[in-house]
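Asker: Following the hints, position chain C against chain D.
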Amino acid sequence: MTTWRFSVAAAALGMALGAGQLANAETAGDRAVAAAQKYSGSTLSLHSEAGLQALGWELWNAKQWKELTGIVVDQTSAPVNEMFVTTVQDFRGPANFDVLDVAPAYLPDLVEIGAIVPVNDWMDEFGYWDDYADIAEAYKGWGEYKGKVYGFPDDGDVHIMLYRKDLIDEDADNQTEFKAKYGYKLAAPKTWKEWDDVAQFITDKYGPETFGAAQPRAKGLTLYYWMDMFRDYGGRYFDEETMNCTWNSDAGVTSLTDFVNQRRYMPPGADAWGFTEAGAAFLNGDTALHSTWPGVGRWAQNVGTDIEAMNWVPPSKVEGKVGYAVPPGGTPELAVGWVISISAKSDNQEAAYLFAQWSNSIEVSLGKTALGYSIRDPFRVSHYSDPGFRNLWSNAGEYLDALKAGGENGVQDLTVIQAQKYHDLIDIAIQAAIGGEDALSALNTACKSADRVTKQIGVDRQRDVYKQFSAQANAYR
Amino acid sequence: MTTATTVAAGGPRAGILLQDRNFKYWLIAPAVLVMLLVGLFPVGYALVASLQNLTLMDQDYSWYGFGWYEFLFEDDRFWESLWHTGLITVIALPVELILGLLLARMFLGDLRGKPFFIAVILLPSVVCPIVVGAVWRLMFDTRYGPITHFLSWISGETVEITWVVDPVWVYPVILIAEIWQWFPFMFLILLAALSNVDTDLTDAASIDGAGFWTTFFRISLPAIWPVMFIAILIRALDLVRIFDLVFVITKGGPGTLTETTPIYMYITGFHQFETSYTGAMVFLIIVLLSVIVVTALRRVEISR
Numbered sequence: 001m002t003t004w005r006f007s008v009a010a011a012a013l014g015m016a017l018g019a020g021q022l023a024n025a026e027t028a029g030d031r032a033v034a035a036a037q038k039y040s041g042s043t044l045s046l047h048s049e050a051g052l053q054a055l056g057w058e059l060w061n062a063k064q065w066k067e068l069t070g071i072v073v074d075q076t077s078a079p080v081n082e083m084f085v086t087t088v089q090d091f092r093g094p095a096n097f098d099v100l101d102v103a104p105a106y107l108p109d110l111v112e113i114g115a116i117v118p119v120n121d122w123m124d125e126f127g128y129w130d131d132y133a134d135i136a137e138a139y140k141g142w143g144e145y146k147g148k149v150y151g152f153p154d155d156g157d158v159h160i161m162l163y164r165k166d167l168i169d170e171d172a173d174n175q176t177e178f179k180a181k182y183g184y185k186l187a188a189p190k191t192w193k194e195w196d197d198v199a200q201f202i203t204d205k206y207g208p209e210t211f212g213a214a215q216p217r218a219k220g221l222t223l224y225y226w227m228d229m230f231r232d233y234g235g236r237y238f239d240e241e242t243m244n245c246t247w248n249s250d251a252g253v254t255s256l257t258d259f260v261n262q263r264r265y266m267p268p269g270a271d272a273w274g275f276t277e278a279g280a281a282f283l284n285g286d287t288a289l290h291s292t293w294p295g296v297g298r299w300a301q302n303v304g305t306d307i308e309a310m311n312w313v314p315p316s317k318v319e320g321k322v323g324y325a326v327p328p329g330g331t332p333e334l335a336v337g338w339v340i341s342i343s344a345k346s347d348n349q350e351a352a353y354l355f356a357q358w359s360n361s362i363e364v365s366l367g368k369t370a371l372g373y374s375i376r377d378p379f380r381v382s383h384y385s386d387p388g389f390r391n392l393w394s395n396a397g398e399y400l401d402a403l404k405a406g407g408e409n410g411v412q413d414l415t416v417i418q419a420q421k422y423h424d425l426i427d428i429a430i431q432a433a434i435g436g437e438d439a440l441s442a443l444n445t446a447c448k449s450a451d452r453v454t455k456q457i458g459v460d461r462q463r464d465v466y467k468q469f470s471a472q473a474n475a476y477r
Numbered sequence: 001m002t003t004a005t006t007v008a009a010g011g012p013r014a015g016i017l018l019q020d021r022n023f024k025y026w027l028i029a030p031a032v033l034v035m036l037l038v039g040l041f042p043v044g045y046a047l048v049a050s051l052q053n054l055t056l057m058d059q060d061y062s063w064y065g066f067g068w069y070e071f072l073f074e075d076d077r078f079w080e081s082l083w084h085t086g087l088i089t090v091i092a093l094p095v096e097l098i099l100g101l102l103l104a105r106m107f108l109g110d111l112r113g114k115p116f117f118i119a120v121i122l123l124p125s126v127v128c129p130i131v132v133g134a135v136w137r138l139m140f141d142t143r144y145g146p147i148t149h150f151l152s153w154i155s156g157e158t159v160e161i162t163w164v165v166d167p168v169w170v171y172p173v174i175l176i177a178e179i180w181q182w183f184p185f186m187f188l189i190l191l192a193a194l195s196n197v198d199t200d201l202t203d204a205a206s207i208d209g210a211g212f213w214t215t216f217f218r219i220s221l222p223a224i225w226p227v228m229f230i231a232i233l234i235r236a237l238d239l240v241r242i243f244d245l246v247f248v249i250t251k252g253g254p255g256t257l258t259e260t261t262p263i264y265m266y267i268t269g270f271h272q273f274e275t276s277y278t279g280a281m282v283f284l285i286i287v288l289l290s291v292i293v294v295t296a297l298r299r300v301e302i303s304r
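The listed protein sequences derive, respectively, from chains D and C. First residue of the first sequence: 1, per the numbering used here; consecutive thereafter. First residue of the second sequence: 1, per the numbering used here; consecutive thereafter.
Bound-form chain D, shown alone:
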């Protein structure tokens, strides 16, 4: 199917769902629209991640919301690493934002400083609990803190493995050679050992045209890959009694060493690649395995990449050749993610809430997650099973099944007070190890600093929040 057909299909899917929404006044989205009519003519300020996330809000939600309610949505945006910073700065400063995209790892901080408000009462008033129950299990805790709901998980960010079916599943010679060399069947890898074997096999046979694997390893991104591996290897972030950092445990050192050593089958220079470079390499056919955010899985089939704003995405040369699976370990990182929350300083909190309810509702969110450009990814049980979505391209069902498995078994980013400081330290340790420092030494340095951060925050205070995090099903599997 050609690119434009995919776009038309995605748009038609969304339109049909939108039309269905109007016809059925019982949906949560409709209730939000009806209640928001009284705010017609007002303006809401929305703060979201820059780039494609902002584009999704602009082209998909803001436009429809204005037509339905007469409420204008003004957008501001910031790079992903600056979102928390700009949100706090806005709260401490002039406070312009009404609706906020909040990364779940930083939600406790925003609640603790009073920057966002609980939405339970509005959920009761405007009947949102059924739609809320439809959110996949792993994401549900994202917006909850100390027994209250502070926002709606709105983006199924989870790592998904893309792999070349033509080289791995369908090539008889490769099957035979791999079996002879490694003693087991060549297939999409289920463990990190298998990932290493398959990637090495591909590099040995097809390099330098096609390498075994690549994934983003630039500063600011590697932590999302290591945090997953670390827990797969049995690692835990802290000793729950003393709150001493335990990243430098055996699990930490082994996982970091293995993570760094993955470079042996990666393309030259891949250690410096970010999300775009690693994704582009896969789309270009330069790599056979790629663990990444779900949007790339749609682009690999040239879905929704035909609008001007997506010109920077290279046309996929692997369309029709891509398989989807849960990354090795089976417990992929629920990396970053977004929760829609309401600013405590908003002058128009109810209208802001109604916009959040409408955009997060089953029908509206489905249309958005099927788009190529929005990089808002499926996060509801109903998204995974939607027949329209499952037929967007030939193996869209396989894609959704992998995301569903991720949504059920994924592990959440470390979520504690001032998580940003810990994330920064983890990232630095990984980068230092990639740069050649011994894994133990890098993690020892990071742990020393982490212990100091914990002491500064208060061991007891941090322990309470960490216990809440570690008690969640998606903290450790």
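Check the hints yourself; a few may be wrong.
To be verified - Partial list, derived from the structure: chain C residues whose beta carbon lies under 7 Å from chain D:
1) Leu56
2) Met57
3) Thr142
4) Arg143
5) Ile147
6) Pro167
7) Lys251
8) Gly253
9) His271
Unchecked claim - Below, simulated DSSO-like cross-link-like pairs (lysine-lysine); rule was C-alpha separation at most 30 Å, straight line:
10) D:Lys448 / D:Lys467
11) C:Lys251 / D:Lys448
12) D:Lys455 / C:Lys251
Unchecked claim - Some chain C residues flagged as far from chain D (calculated, every beta-carbon gap over 10 Å):
13) Val170
14) Thr202
15) Trp213
16) Pro254
17) Gly255
Simulated from the structure, these hints should not be mistaken for lab results. Even for Gly, the Cβ is constructed at its ideal location relative to N, Cα and C.
Answerer: This is chain C only, laid out in the frame that chain D set:
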């Protein structure tokens, strides 16, 4: 009895004397006040903030004494960042100076197309450092960068250096970008200074049998030294503040290997919201730089 009465009692002559003595100060007072406010208030505020316990996360205005300074002296990452900044400064500054001086000396004579070449040489200095960082990061890209391709072509085998991650190469990349951008500044200043050296003196030295180096060290260098010193000072201060170029090329990595003090202060202040701790760092840096600059200015007696 008031002063005014005294003045009045002293007659018109006393009033004029009083005016002579103080009036000039009243005239410059507003300007001095503005300068003090603009220059000293932020320093004073940084000092006050550094003695408190301010963060954007907890609005705690309580006094913390010298706690952040104690923390600072135990913070290896801060001292390492200072070392990285110093390393870049002590390598880049002399290289920029020597390259600028050599080129300025070459451009002293009559050259065809001299204005055009001067404009071309100056181009890097007018480009925003973020753009320069991005350009050099691309130049050194392992896969697509022309430098890697060129080296592969010369060596006859594939060069697979990840320049911005490899600890051996990451500083050379930063230094090349930094020097490429800023040696033209040195060139421009020194060309102007050398052009103003009295040629009668250099000609006379030549006639007396002085060689090139003797003439340069005994006549030209002393003549341009005040200007050269100011150029060195400006560039040294710029290098101590180096942020954008390094941030774009390495973001301070790998690990914190290229994290300069301004990058660390940015992370502490704007990512970790440690307002008071950042204030302590800022104040310490201001004190250190002030001592160095004032001492240097005194030693060269630049005001003379």
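Asker: If a hint holds in the structure, say so; if it doesn't, say that too.
Answerer: Here is what the structure says about each hint:
At its closest, the beta carbon of Leu56 of chain C sits 5 Å from a beta carbon of chain D; the interface hint therefore holds under the 7 Å criterion. Nearest Cβ of chain D to the Cβ of Met57 of chain C: about 6 Å, under the 7 Å cut. The hint holds. For the restraint placing Thr142 of chain C at the interface with chain D, the shortest Cβ-Cβ distance is roughly 3 Å, inside the 7 Å limit, so the hint holds. Hint on Arg143 of chain C holds. Least Cβ distance to chain D is approximately 5 Å, under the 7 Å limit.
Interface hint status for Ile147 of chain C: violated, as the beta-carbon distance to the closest one in chain D is roughly 12 Å, over 7 Å. Taken as an interface hint, Pro167 of chain C checks out: its beta carbon lies about 5 Å from the nearest beta carbon of chain D, inside 7 Å. Nearest Cβ of chain D to the Cβ of Lys251 of chain C: about 5 Å, under the 7 Å cut. The hint holds. Below 7 Å, beta-carbon pairs count as interface contacts, and Gly253 of chain C has one with chain D at about 4 Å; its hint therefore holds.
Below 7 Å, beta-carbon pairs count as interface contacts, and His271 of chain C has one with chain D at about 6 Å; its hint therefore holds. The suggested pairing of Lys448 of chain D with Lys467 of chain D holds, with an alpha-carbon distance near 21 Å, which does not exceed 30 Å. Among the hinted pairs, Lys251 of chain C with Lys448 of chain D is consistent with the structure: their alpha-carbon atoms are about 22 Å apart, no more than 30 Å. For the given pair, Lys455 of chain D sits about 27 Å from Lys251 of chain C by alpha-carbon distance, which is consistent with the 30 Å threshold.
With a least beta-carbon separation of about 8 Å from chain D, Val170 of chain C fails to lie farther than 10 Å from that chain, contradicting its non-interface assignment. For Thr202 of chain C, the non-interface assignment is confirmed: its Cβ lies about 51 Å from the closest Cβ of chain D, beyond the 10 Å cut-off. The non-interface label for Trp213 of chain C is consistent with chain D: the shortest C-beta to C-beta separation is roughly 44 Å, beyond 10 Å. A Cβ of chain D approaches the Cβ of Pro254 of chain C within 10 Å, the least distance being about 3 Å, so the stated non-interface status is violated.
Chain D draws Gly255 of chain C into its interface by the beta-carbon criterion, the shortest separation being 3 Å against a cut-off of 10 Å.
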